[in-house]
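Peer 1: Here is what each chain is made of, one letter per residue.
2 protein chains.
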Amino acid sequence: MPSAYGNPYCGIGLVTQEQQPDFHSALVNTAQAVETALNDLLPVRSNDRLREAMRYASLGQGKRLRPFLVLQSAGLFNQRPEQAMRVAAALECIHCYSLVHDDLPAMDNDDLRRGQPTTHRRFDEATAILAGDGLLTFAFEILGEAATHADPTIRSALVVELARAAGEAGMVGGQMKDIEAEAGGFSSYQAIAEMQRGKTGALFRFACEAGAIMAAADRMPLRQYAEHIGLAFQIADDILDVESDAATLGKATGKDKGRGKATFVDFLGLDGAKQEAARLSDAAVAAVAVYGDKARLLADTARFIVARKK
Amino acid sequence: MPSAYGNPYCGIGLVTQEQQPDFHSALVNTAQAVETALNDLLPVRSNDRLREAMRYASLGQGKRLRPFLVLQSAGLFNQRPEQAMRVAAALECIHCYSLVHDDLPAMDNDDLRRGQPTTHRRFDEATAILAGDGLLTFAFEILGEAATHADPTIRSALVVELARAAGEAGMVGGQMKDIEAEAGGFSSYQAIAEMQRGKTGALFRFACEAGAIMAAADRMPLRQYAEHIGLAFQIADDILDVESDAATLGKATGKDKGRGKATFVDFLGLDGAKQEAARLSDAAVAAVAVYGDKARLLADTARFIVARKK
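Order-wise, the sequence lines are chains U and E. The working numbering applies: residue 1 is where the first sequence begins, and numbers increase by one. The working numbering applies: residue 1001 is where the second sequence begins, and numbers increase by one.
Hints are computed from structural coordinates only; laboratory data are not their basis. For clarity, every value in this text was computed on a predicted model and none was experimentally measured. Just so it is clear, CB atoms sit at the ideal spot from N, CA and C, and this is done for glycine as well.
Some chain E residues judged to face chain U by a derived CB distance under 7 Å, without partners named:
1. Glu1125
2. Ala1126
3. Ile1129
Go ahead and model the full structure; you've got the sequences and the hints to work with.
Peer 2: Structure below.
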């Protein structure tokens, strides 16, 4: 199965002829394939500061968890890997733009991201705003192009679903709720969970459902899986924020507490948060059992999300 | 021809049964129809600061020149008005987001826009960044939805074309060039024209070609028209920046000069700039002569762009 990116399913456990890789090998192999895909989509251009900033913001050391989920989801429905990779790259552009804008001084005012200066620190604020806008816009250009799927109905569906996940009803709305809460604080577990369903959950949902959207198949099992891992991911983040240190995490820790912003740990306690994360992880594994062995790495992902150290 | 927005072609010169309105009536009538469409797409929601900011940024007193061009372009090809209005609204969301982000302190640092406080002054910077992101994302949600066009190939084409016009290769890239020039200045008429082809020209091009994209028709006459009026519009802006005052314009004037940023007027002189704007306006009128009387208001638009007082 030739592809401009090589076969991104090779080494990630979806090509049945090959030896099944373990989860961590599959994740690393996928991250490399995503890096190649983004590098091909946004090649170096000399004397182009905007392109340089867009590359800085999108290439590098991310776990590429969302693209991994897209590829695994697409694998369940035997979608073409080079097409799935374009959907994965589009989603990663959205994720990366959101990090650039969230890190801005007017937002979270972060200097470090993945152990490196944030985009506005490496370049400047104006360039970071524009690089974010450029990546956000580019995501839809990728999805709309014929190379992403032969059926334009599917391409339009991908555009609409990603826009809803990324926009006011999803990620952007969740980030707004998060900022507003810094003033007043979250009043309950439900309030913070609602914020997270938008801020981080919506992109996870798109990632997990992507294969079903591409195949025009039933999305419900993947939606349930996504809601469980999305919430588990954020609870685990809050636990890491308490337990880890900046050297391991590559970004500032304890800052939520420093800002007086309530986290899941505040409402559940540290042990309670760990139990809830484990419960959600188990529920996610159960949700994709319907896909049998093809969902093995999705099940592993649900376990990884609550066990990771950064 | 019933529509959720009424018939936006009524009173704008594209319904042959009615008396042909003059250009200014058509422009005003269209602006009202666009206002209604945006208000319907982004209805009031109580206790929703993000929605409030998105409405603040997109509703109000704009000339709605780009939506007007979309509707006139669509009229040339007998496209359904309620569909053309969705394309127009999507484009206007992009235009409005760009104003919000361009006005930010890290960019042009403007306090006034259309005589009102800019979005970050009325709300705050974080809200303005997110409202811009939300409007940008919403544009693609609108275009991808089936209500915009029955043919998903056309919807995908609209998405890709708007993304290219708005993104790195178009508006965002042009804005980056403009910011970089504040340090070094533009070296020539060609350099400033190249920047404007991206910064303002690309959205004009999408607006003018929209009808042809919707009809899968030849776009070349409209592309030529668009390139002429896009450049003419910007030259006229630079002339206004020299000749007008803040009370008329609703925003600060003379600021380009104050920043030491070269404008078209610097390269062409005031009289030369006026002559060049007039020449471009005439060329635009000639480019759409192929459509006959159906393009009457497009021809009027080309004349208006260089004659306007704000």
